[in-house]
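Chain A is already provided as a structure; the job is to place chain B on it using the hints.
So the protein lines, in turn, are chains A and B.
Numbering follows my numbering, with no gaps: position 328 of the first sequence is 328.
Numbering follows my numbering, with no gaps: position 291 of the second sequence is 291.
If you are wondering where the hints come from, they were derived from the structure by calculation, not from laboratory data.
No false leads were slipped in.
Where chains are identical, the list cannot tell them apart; a pair therefore holds if satisfied intra-copy or between any two copies.
Straight line, CA to CA, 30 Å or less: simulated DSBU-like cross-link-like pairs of lysine-lysine:
1. 179 <-> 255
2. 179 <-> 254
3. 255 <-> 174
4. 98 <-> 120
5. 42 <-> 98
Below are the chains, spelled out letter by letter.
2 protein chains.
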Amino acid sequence: MTSLTLALDAMGGDFGPRITVPATLQALRLNPLLKIVLVGDKPQIDEYLTCAEPQIRNRIEIEHTTEIVTMSDRPVHALRNRKQSSMRLAIDMVQDGKAQACLSAGNTGALMAMSKVILKTLPGIDRPALVSCLPAVNNTPVYLLDLGANVSCDSETLFQFAVMGSVLSETVDKTEAPKVALLNVGSEEIKGNDQVQQAGRLLQQVPQINYTGFIEGDEIYSGNVDVIVCDGFVGNITLKASEGIARLLVHQLKKSLSKGFFVQLLAKLIAPRVHSLLNQMNPDHYNGASLIGLRGIVVKSHGSADETAFLQAINLAVTEAQRRLPQMIEDRLESILLDINS
Amino acid sequence: MTSLTLALDAMGGDFGPRITVPATLQALRLNPLLKIVLVGDKPQIDEYLTCAEPQIRNRIEIEHTTEIVTMSDRPVHALRNRKQSSMRLAIDMVQDGKAQACLSAGNTGALMAMSKVILKTLPGIDRPALVSCLPAVNNTPVYLLDLGANVSCDSETLFQFAVMGSVLSETVDKTEAPKVALLNVGSEEIKGNDQVQQAGRLLQQVPQINYTGFIEGDEIYSGNVDVIVCDGFVGNITLKASEGIARLLVHQLKKSLSKGFFVQLLAKLIAPRVHSLLNQMNPDHYNGASLIGLRGIVVKSHGSADETAFLQAINLAVTEAQRRLPQMIEDRLESILLDINS
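Just chain A, same shape as in the assembly (with noise of 0.2 Å):
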């Protein structure tokens, strides 16, 4: 691995530098080649600092800048009013070449909305997609997209979001052929809305793609598909709601393990075999997702995100930038869209 400079949005999310500032340290430590820039302001930045090592601390920059994005900034109004803040300035240091990726917890849409504009899509995109990989039956990767940067999508939106997905499951997983499927009410054909029919339409003319139609909801996790594509409304709480159960369910077996002495011993036995798998299963250990379609890498991590979760982003931005994953997207895209538009 060569040297990497990654740009960090530090005041984005629910607990800005709290969480942001030693995620970072740990990243630093684990990765002996990796470089971050902490955007945001330098006094709070600072205050987290105090305690690193020296040979950490000299692969940490601080570009220091007080202003920020809100969570209620609309799109257009942090785009136009919002050039200082510590995403922005993020965004900007990929675009100047300065940072081979950024990372920010903070606005989705303004993220969204400034990446696009000023990192630009890749030939052929119209509009990036947020893009993260669930966990499935057989452990096979699934991406999911949008997870909520397009609220609502047109059907060439979504047939380029599968095309996206196909080829970022060929790249990443160096999966043959991926099977590619529609998020559906149904998995007949008169199913759905407008927007998901004509999609469908429009993939089975393509031969370039592995189409296998539509799926619903439950087939998500079944690992029978590669790629699933829906707008970012229903993608975004579709996921969400996935998290929420998954806690209810362990919240659930964890009261459920703790009644009576002899059931509770048993637990306390078993523990480290339910915790491994909670581990496993905790969303946290998913945390990132890409904005796909830019010429720039851009990750988002959940709001919300505590230390280890936000590791997990930063990892994520590492992967994808030693991957090159913008110009090994952008090769393949060229060569499935000029097939199809031959």
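Leaving out everything else, chain B in the frame of chain A:
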């Protein structure tokens, strides 16, 4: 309880009479005052009735028809051309006063269209909604609607669903001023699409509804609200995705507890507790969604329901008939709508 008659589409769902008839026998054993009319192909139904005890068989009537609604029938097609189908005849029986409720595991769109046209909606309601009661952290019932009867909804429809959900929670669970929320991609007012934003503004103006704002997907199972409103596309996918991840968790848990002799032994000892939990969390336990906003009772079962799950749906129909749910909703709805419009 006085005698009740239920009209059951015996042919609906993935398995038809093989599931619907044995579940019927179970329901009749549990409810001595219940009568069930099985609507469908008599020879196929009879096959599963041979072993029925005479005192159970006496409370079954068969309404013979060979026509069925298929899963690929479009709603309008089913409405026009399936007038002798098992689904249609079951609905007709409710309209004719021959049954107090009907139940089908068939095509949701067709069931919705037929019910709406034949039974009609309550005053002030334009479209019925499919609603179900979900498990939440504190075991309080949470109603989610719509679950797939209305793929696209404008803001006025979402508003009406919110009113109906509130009335349902008030009348069935005796919740005082039920907390009503709209499902969205963020809790801030600027988040979401036009429909959900406009529905939020409508609900804010109505003091009769305890509207608490937007909630995100991970809060569905938090128990913080009593009623959650969304369009049928989002509701259907969200509910099914939750079922999918619940199954994945159970699968992983079983797998993790089957490795190693000692753990296996402990797992066996602990099994009854875990089993009772899994049953509690099993989506089948919650099978059966109601089409509310109609002048009669229509219950929809999962197409893939097994005998136990289908029995749950029958029990739901029975409970609603005992409560005379449409009348209860109509009374409360009338007073709310009068207040709103005065």
